[in-house]
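*Asks:* Listed below are the residues making up each chain.
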Amino acid sequence: MSQADVDQQVGLDQFLASVEKDAFRLARAATGDVDDALDLVQDAMLTLVQKYRDKHSDEWMPLFHRVLQNRIRDWYRRRQVRRIVGRFGAPGSGEDESSVPMHANQQPDAVADGSHVLNQLESALTLLPLRQQQVFLLRVWQEMSVEETANAMSISTGSVKTHLSRSLAGLRRMLGPDWTAT
Amino acid sequence: MTNQDKHSKADSQFIYRVRTRLKAWDDALPADISGRLRASRRDALTGAGSGAHRRSHPWRMAGVGLAVTAGVAWLALGQLRAPHNAPRNNPIDVAEREVLPGLSALDADDWSMIARGDDVQLYEDLEFFLWLDESDDARS
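Chain order of the listed sequences is A and B. For the first sequence, this note's numbering gives the first residue as 412, with consecutive numbering after it. For the second sequence, this note's numbering gives the first residue as 35, with consecutive numbering after it.
Bound conformation, chain A alone (with noise of 0.2 Å):
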């Protein structure tokens, strides 16, 4: 293994480790299960290394956000695929991740009685359809711009503006007014 190779390993090792947890919280808060976010993170490591580790560093970053939300995206169709599926054995309502709350099955509710403010916010988050749940947190948490949340999540700027802006009104009506008090 020549010197470059090393550095190569080297750079990658860095910054998955850089990215890796909050990649986990990422697909933990669009999957809901430990398991499944732990497999599309490895998933979404395992093809950065395998197909873009020749790309320059600066682009490691995009490309690794855009895999893994790839991957979170496949992993929503083939869930509402079975959901649907299983119980109603024949195609549904033309669901899709833009209009469908992530655990339907919670009620908000259940939002208002926890006790801890962050656990208040993770259980809000999880009530957003997956589309506003991810625009969310990448612009909001992970500070990403339009621009570059649009390039990881393939949709235009102007989808992450509404997604925005729709999760905002969403998340606010869940937190109540402790959380929107000026």
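Don't read these hints as lab results, they were simulated from the structure. Worth double-checking, as some hints may not be accurate.
To be verified - Capping the alpha-carbon separation at 27 Å, the derived lysine-lysine pairs in BS3-like fashion look like this:
hint: 1; chain 1: A; residue 1: Lys-572; chain 2: A; residue 2: Lys-432
hint: 2; chain 1: B; residue 1: Lys-43; chain 2: B; residue 2: Lys-57
hint: 3; chain 1: B; residue 1: Lys-43; chain 2: A; residue 2: Lys-432
hint: 4; chain 1: B; residue 1: Lys-57; chain 2: A; residue 2: Lys-432
If you're wondering where the values come from, they're calculated on a predicted model, not measured in any experiment.
Let chain A serve as the given structure and place chain B on it in line with the hints.
*Replies:* Chain B in isolation, oriented as in the chain A frame:
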């Protein structure tokens, strides 16, 4: 101050509060999760990809097995039925030209869904709904 300004200010304050809370995420992750993430990273870098944490999905293996068996049987049947000098537009040849390349692009999960008898049309519909939604987004 206009209504839009008030909304914008309220959103900014709300975002600031939420962001502050979410920073707490950065602090602590359970040790076992951190360990599994490290193992995933190590696997990815060594190209192993087996994943210390990865759960086995028996249906995946069964689906892939069934799909491979079906594919081999289908190809064998095609060889038996097609004379060497058969016209290239017979159904078998057409299928080999136009269907097989698409089949080879399917991944393990896709195969397993087919093998399990899931409604493939529904999956295609979901793709269409996604495209439709993205088209709507692009127009808005």
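*Asks:* All hints, please: hold or fail.
*Replies:* Going down the list of hints, with the structure as the test:
no. : hint                     : verdict
1   : A:Lys-572 with A:Lys-432 : holds (26 Å)
2   : B:Lys-43 with B:Lys-57   : holds (21 Å)
3   : B:Lys-43 with A:Lys-432  : violated (31 Å)
4   : B:Lys-57 with A:Lys-432  : holds (12 Å)
Hint 3 from the earlier list is the only one contradicted by this structure; the remaining hints agree with it.
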